[in-house]
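Take a look at the letters that make up each chain.
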Amino acid sequence: MIRTFSSIDVMYLVAAARWTLALTATAFCGSALLGLVLAIARISPIAPLRWLVAAYIYVVQGTPLLVWLFVIFFGLPLLGVSVNPWLAAAIAFSVYGSAFLGEIWRGALISIARTQWEAAASLGMSMSQQLRYIIIPQSVRIAIPPTVGFLVQLIKNTSLAATIGLVELTREGQLTAAGTYMPFAVFTTVACIYFVMCFPLTQWSRSLERKLDVAR
Amino acid sequence: MSLVDIQAISKSYGSLPVLKDVSLGVAKGEVVAVIGRSGSGKSTLLRCINGLEPIQAGTITVDGVRVNDPKTDLRKLRQEVGIVFQSFNLFPHLSVCENITLAPRVVRKQSPDAAREVAREVLHRVGLEEKLDAYPSQLSGGQQQRVAIARSLAMRPKVMLFDEVTSALDPELTGEVLKVLEAGAGSGRPGGHDHDPRHPRDGLRASVRLARRLHA
Amino acid sequence: MRYGLQFRDVFAAWESLLGGVYITLLLSAFAMLGGLTIGIICAAARVYGPRWLKGIAAGYVEIIRNTPLLVQLFLIFFGLPSFGIRLDGLTAAILALVINLGAYAAEIVRAGFEAVPKAQIEAGHSLGLSGLQFHAASIIQSRTFRDFEVYTVIGVLYLGLAFAFRGLFAGVYFWVFARR
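Chains as they are written, first to last, in my numbering: chain A, 1 to 216; chain B, 1 to 216; chain C, 1 to 180.
The shape of chain A in the complex, shown without the other chains:
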C-alpha cells in the first residue's frame, strides 16, 4: 500500500531517533569502560601489556566498523548466543569505540607532565592513587573536547546498525521510504534529525577546544 509522506511519518522518524540515542548511550558506556582500561594499559610499565593493547587498537582501527558489526552479528550465534541485533550492535560499537576512546584518553593522560607523577609518587602514593587523584582529574579537561567529537562520530556511526536490522533512525527511514516511495523527502528528514542531534555537540566540542587553547 502506498501512502504519502506526512507529518505522522515525521513523528515516527523522530520517535525512532530515541533508539539511535539509546544505542549511542549504550555504545558510549561500553566504549568508555573498555577505553579507560585500554588507555591505562597503554601507559602501564608492563611492556607486553602495552604491546597487546597497541595491537588491539591497530587491528580495530584498521578494519571498518561495518565488518565488526557483521562478524559479531554472524559470529555470536556460532558461540551459542542467540542472534540479537541490539547485543551485536552494542558489542561491535563498544569494541570499535574503545579503540578510539582509548587512544584519545591515552593522549590526554600522557599530556600531563611526568613531574606530576613524580611529585605524587614521592609522597608515597601508589600508581592507582597517582592516576585517580592527580593524573586523571587533570587530563579530563584536555580529554573532553575530543571525547565530545567522538560522541558525534558515534551518533552518526550507529546508522550502520540499520544494516543488521536494528530499527533506529536510518532503518526507520528505509522502511518509511519503502512505504511512501518518497525517498528524497524521507532521507532529507532523517538527515535533518541527525543534524539536530550532532550539530550542538560539534559546536560545544569546538568551543571547549577554543577555551582550552586560550587557557594554554
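None of these hints come from the bench; they were simulated from the model. Be aware that a few hints might be false.
[Claimed, not checked] Derived CB-CB ranges, DEER-like:
{"id": "1", "chain 1": "C", "residue 1": "I41", "chain 2": "A", "residue 2": "L33", "range": "37 to 45 Å"}
{"id": "2", "chain 1": "B", "residue 1": "D170", "chain 2": "C", "residue 2": "T37", "range": "52 to 60 Å"}
{"id": "3", "chain 1": "A", "residue 1": "R210", "chain 2": "B", "residue 2": "G25", "range": "34 to 42 Å"}
{"id": "4", "chain 1": "C", "residue 1": "I56", "chain 2": "B", "residue 2": "A134", "range": "31 to 39 Å"}
{"id": "5", "chain 1": "A", "residue 1": "I110", "chain 2": "C", "residue 2": "F7", "range": "35 to 43 Å"}
A virtual CB, placed ideally from N, CA and C, is assigned to each residue, including glycine.
Starting from the known structure of chain A, fit chains B and C onto it as the hints suggest.
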C-alpha cells in the same frame, strides 16, 4: 649509624655515566649540602635516594631500609623521604589545603579534620597560613615553593631532600624560601642540596661535603 | 550443534574477493582525489572568498560533518531518482564518498591555511575504505551461506589494506619530508 647511608653507588643513563662510586652518610638531624657544577649529578643523587631513579651499583639505605632492593616497598619508603623539586610540582587542580592534605589522607589514612590541622600547622611554619584555600596559580613562585615544602613536611618525613629549590625563583624571592629552610634545619630535619654555595654559608648550619667524585 | 568453521569455500571464491579489493581501492582513490579537490576549493572559499561563498562553504561542511555517510549515500542513490537523476551503485558510492570526504578535507586544509592546530581525530576515519563488503560479500554469500567466515576474511583483507597504506603513506612522508 647513618639515617641515610650511600655506599659506592653508580648510576648512568644508558651509556652516559652520571654518578660513579659515590658514598655519603647523613646522620639524624644533620644538614648536608651537596655542591657541584650544573650537570654534575646532584639532582640525580637525590632522586636515587627516594627511588625515583634506579642505580646500577652500590647500595642506598634509608633508616635501615634498602632503596635499591626489588623487595622494598617504595611507597613506604617515600612516606619517610620528602622531596622538594626545583619546579615546585604542586598539583595545579587542587587548592593549597588539598595539595597538602591529599597524601596524609589517602596514604597515611588520616581523617580530613586531622589532615587539615596538620596543613594549618605546616603552612604556619612556612608563613602562608592565609593561603590555605588559594590555588597554586594564584601564588608567586616563592609562595608555591613554600607550599611545596609544607606539602612534604605534612607527611612528617624522617629525611627531607631539597633539589635546587630556589634556582627557579627570582633573586628577590629566594630569601623567603631560604628562611623556611633555615627554620626547618633548626627543627632537626635533615636537609638536601642547593647549588648556590652562598646558601649554606648564609644560613644553614651546614656540614658541607663536596662530593668530588660526583662527576664521572 | 557443532559448527565447524569452513574458510575453504570463502577462499575458493578468491576472484570475488579480489574484485572487491579492486573496487575498494577504486572507491578510495576516487574519494581521496575528488575529496581533496573539493576540500581545497572549499577551504580556499572559506578563507579568501566573499561572504556569501564563505557561508555556502561553511554550510556544506557543517551539514556533511553532522550527518551519517550512510544517509548521504541513501539520499544520492534512492533520493536523486525522484528528480530523474538515476545513478548506478558505483557512481552513487563515489559521489557520496567525494562529497563526504570533501567536507573533512576542507577542515584539514583550512587548518593548514590558518595554521590552527586542530584535533583531527575523526577526520581520517571517514577515509575508511568502504565498498568491499557491499560487493564481495553479497557475491560470496550467495554461494556459501557462511556469513561469519566471509566477514572475518573481509576484515582481515581490510586490515591488510590498511597496513599496506599506512606503510605506503609513511614511506611517502619520509621520502618527502625527512630525507633532506
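These are the hints, each one checked on the structure:
1. A hinted range of 37 to 45 Å holds for the C-beta pair I41(C) and L33(A), which are about 42 Å apart.
2. Between D170(B) and T37(C) the beta carbon distance is about 55 Å. The supplied range of 52 to 60 Å therefore holds.
3. One distance hint, 34 to 42 Å for the beta-carbon pair R210(A) and G25(B), is violated here, with the actual separation near 56 Å.
4. About 51 Å separates the C-beta atoms of I56(C) and A134(B), a value inconsistent with the hinted range of 31 to 39 Å.
5. Take I110(A) and F7(C): their Cβ atoms lie about 40 Å apart, and the range 35 to 43 Å holds.
The structure fails hints 3, 4 (numbered hints given earlier, in ascending order).
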